[in-house]
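Q: Sequence:
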Amino acid sequence: MAALPDIRACQPSYRTFRIDLNTGDRCNYACTYCTQSDQVSSLMDRQYGLDLIDEITRVYSEGFIFYAGGEPCVIPWFTDWVERAHQNGFMQGVVTNGTRSDQYYLDLSRIMRVMFFSVHYEHLTEFDQQRVLLERVRHVDQDGAGRVVITFMYLPGHEQDILRGIDYCNRHGLRYCVRRIQFPDGRAYTDQQERWLTELDVTNFTSIRVLGPDGWIDTNPEVVLQQGQNRYRGWSCRAGCDGVSISGGVLKRAGCGIKDGTRLVEQGLVRFTDPVICDQATCNCAANIALTKSGL
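Numbering of the sequence shown is given in our numbering, commencing with residue 1 and proceeding in unit increments.
Heads up, some of the hints might be wrong.
Unchecked claim - Computed Cβ-Cβ distance ranges for the label pairs, DEER-style:
id : residue 1 : residue 2 : range
1  : T198      : E62       : 35 to 41 Å
2  : G215      : G261      : 28 to 34 Å
3  : L264      : T198      : 20 to 26 Å
Stated by the list, open to error - List of simulated lysine to any residue pairs, SDA-like, C-alpha gap at most 20 Å:
id : residue 1 : residue 2
4  : K252      : V265
5  : K252      : L264
6  : K259      : Q280
7  : K252      : T206
8  : K252      : N22
9  : K252      : T262
10 : K259      : T292
11 : K252      : S61
12 : K252      : T99
13 : K252      : Q227
14 : K252      : L269
15 : K252      : I277
16 : K259      : L296
17 : K259      : F272
18 : K252      : D54
19 : K252      : G268
20 : K259      : G228
21 : K259      : W235
22 : K252      : V270
23 : K252      : V224
24 : K252      : P275
25 : K259      : Y121
26 : K259      : N22
27 : K252      : P213
28 : K259      : A281
29 : K259      : Q227
30 : K252      : Q280
31 : K252      : T273
32 : K252      : G228
33 : K252      : C241
34 : K259      : R271
35 : K252      : Q229
36 : K259      : S236
37 : K259      : L269
38 : K259      : T282
39 : K259      : G215
40 : K252      : D128
Treat the hints as calculated values from the structure; they're not laboratory data. Cβ coordinates follow ideal geometry from the N, Cα and C atoms, glycine included.
Construct the entire structure; sequences and hints are all you get.
A: Structural data, given as structure tokens:
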């Protein structure tokens, strides 16, 4: 995608209240760069999840529930929650590592509005292993409805794997993005790796709009990150108004570090009405970049 001008505002391409629901840290993977997954954490209780879904759909009336973890799909009763939210009239999406069966994901796709399949190269060490996942996603997207997205996690040393994966997506009409890893040990990409990222087509679809000097431009949060335009300190942000984050029994305006309005879920879910002033140095999450915000 083309270089962005200096942006002055952002907004999502869709106007639906979004609830980011973290289903817990349990995962069948345990990537060294992930701070929210392990193979030993307890599973969220089935009935607690059903009650939480009912409360979400009662308080927010309509919206979009996006599940993340951990790995939501390792939870045996995850599909029970999905079915309940569907019955309650909510749109849904999920991020998954794609290690369940083709049929499992086909069944989910009949309900899910969007499914992000993440490619983690600590576990898919050979391109043939990556190809299995890509072919599974292609099978799930067999009707061409565009409900799936491939997310290539940029682990240095796997540049050629990513390029071959991008080529596969472009040849078969699959949406993709390349995501930067926020290493928990503070490690940064080298200058050479940053140049590789800068020259890469990091996505082939748009999901947000940004305001430049000459008007609104359709783009993607990964392009904003690639071009370093993710610094919004002092901007007005509609975190909590466009959506909320629920994780570990805690309700937040968003999954970033903004603490205004943070409360326990047991105190009751709320929909915030007033925007906040961003106090974070950078915005590194695609969902948070997509929140309506303005530096005007």
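Q: Take the hints in turn and mark each one as holding or not.
A: Hint check results:
no.	hint	verdict
1	T198 - E62: 35 to 41 Å	holds, 40 Å
2	G215 - G261: 28 to 34 Å	holds, 33 Å
3	L264 - T198: 20 to 26 Å	violated, 42 Å
4	K252 - V265	holds, 9 Å
5	K252 - L264	holds, 9 Å
6	K259 - Q280	holds, 10 Å
7	K252 - T206	violated, 26 Å
8	K252 - N22	holds, 12 Å
9	K252 - T262	holds, 5 Å
10	K259 - T292	holds, 18 Å
11	K252 - S61	holds, 18 Å
12	K252 - T99	violated, 30 Å
13	K252 - Q227	violated, 28 Å
14	K252 - L269	holds, 10 Å
15	K252 - I277	holds, 15 Å
16	K259 - L296	violated, 23 Å
17	K259 - F272	holds, 13 Å
18	K252 - D54	holds, 18 Å
19	K252 - G268	holds, 12 Å
20	K259 - G228	violated, 24 Å
21	K259 - W235	holds, 16 Å
22	K252 - V270	holds, 10 Å
23	K252 - V224	violated, 24 Å
24	K252 - P275	holds, 13 Å
25	K259 - Y121	violated, 33 Å
26	K259 - N22	holds, 17 Å
27	K252 - P213	violated, 33 Å
28	K259 - A281	holds, 14 Å
29	K259 - Q227	violated, 27 Å
30	K252 - Q280	holds, 15 Å
31	K252 - T273	holds, 14 Å
32	K252 - G228	violated, 25 Å
33	K252 - C241	holds, 11 Å
34	K259 - R271	holds, 15 Å
35	K252 - Q229	violated, 24 Å
36	K259 - S236	holds, 15 Å
37	K259 - L269	holds, 15 Å
38	K259 - T282	holds, 15 Å
39	K259 - G215	violated, 32 Å
40	K252 - D128	violated, 40 Å
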